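S.K.: Read top to bottom, the protein sequences are chains A and B.
This note's numbering puts the first residue of the first sequence at 1, with every later residue one more than the last.
This note's numbering puts the first residue of the second sequence at 1, with every later residue one more than the last.
A couple of the hints might just be wrong.
All copies of an identical chain are treated as equivalent in the list; a pair is satisfied when it fits inside any one copy or across any two copies.
[Claimed, not checked] Using 20 Å as the maximum straight-line C-alpha spacing, the simulated PhoX-like pairs for lysine-lysine come out as follows:
#1 LYS12 with LYS101
#2 LYS5 with LYS86
#3 LYS10 with LYS39
#4 LYS12 with LYS57
Since the hints were derived computationally from the structure, they do not count as laboratory data.
For clarity, every value in this text was computed on a predicted model and none was experimentally measured.
Protein chains: 2
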Amino acid sequence: MESLKVVNLKEKLALFHDYWAPRIVGDLNQDYIKVAKFKGEFIWHSHEEDELFFVLKGNLCIHLRDQDLHLREGEFLVIPKGVEHKPYAKEEAHVLLIEPKNTLNTGNVEEKRTLKNPQRL
Amino acid sequence: MESLKVVNLKEKLALFHDYWAPRIVGDLNQDYIKVAKFKGEFIWHSHEEDELFFVLKGNLCIHLRDQDLHLREGEFLVIPKGVEHKPYAKEEAHVLLIEPKNTLNTGNVEEKRTLKNPQRL
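Same shape as in the complex, but just chain A (with noise of 0.2 Å):
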């Protein structure tokens, strides 16, 4: 059966070195399980569905209209559906990611880093 795999995830974050590409590494029901590489600034976007960060390593910093929410190693957010959202890493961020199948990585906006179909390792 395709998905009964244990998935080692720093072995699958050590296949790709590019940032704001997620990577599919697994299916649950209907959300894919992702792993990224962030630096540097993401845009402001929002979702259709909650969207999970799950910080591997490193920091992260989720900016939202009203504050910024910060994100250490072995912390996770969840942003809700509809609320608008830009990531930014001052330095290299590895993050585990649960969101809709159909989730694109920009939410509402299409820009050069819209990621229409995603890598599965």
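With the hints as your guide, set chain B onto chain A.
M.R.: Below, chain B alone, put in the same frame as chain A:
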């Protein structure tokens, strides 16, 4: 907004000490994000939806009817819906679980450790 908070998993895990009793630490669309401490043998059971096990600390064995899968810290496994499994941890293991809100910890089996209303931390 209730769900817009950063959650530190180690802090949540420090709040309880019993085994096989997952606590709710977040909401993600139709799922709960839970943490649990496992030690010893659980029971054979299955669920009607996929279930994520992500090992935060220690080692976890998931017995399946045809194989045993071993997870270390930083590794995850999705047990597909309908697949019978029995978790086992020789030493205490800390685990992140993500599964639909109506999923029971003992799945299709009701026994003394069945938790109908998991505590929210």
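S.K.: Hints first: check each against the structure and report whether it holds.
M.R.: Going down the list of hints, with the structure as the test:
1. Taking the shortest alpha-carbon separations for LYS12 and LYS101, only the intra-copy value of 19 Å comes in at or below 20 Å, while the best inter-copy value is 29 Å.
2. For a Cα distance limit of 20 Å, the shortest separation of LYS5 from LYS86 across copies, 15 Å, qualifies, whereas the shortest one inside one copy, 33 Å, does not.
3. Taking identical chains as interchangeable, the C-alpha atoms of LYS10 and LYS39 lie at most 20 Å apart only when both belong to the same chain, with a minimum of 17 Å there against 25 Å between chains.
4. In the homo-oligomer, the alpha carbons of LYS12 and LYS57 lie at most 20 Å apart both inside one protomer (13 Å) and across protomers (19 Å), since each shortest distance falls under that limit.
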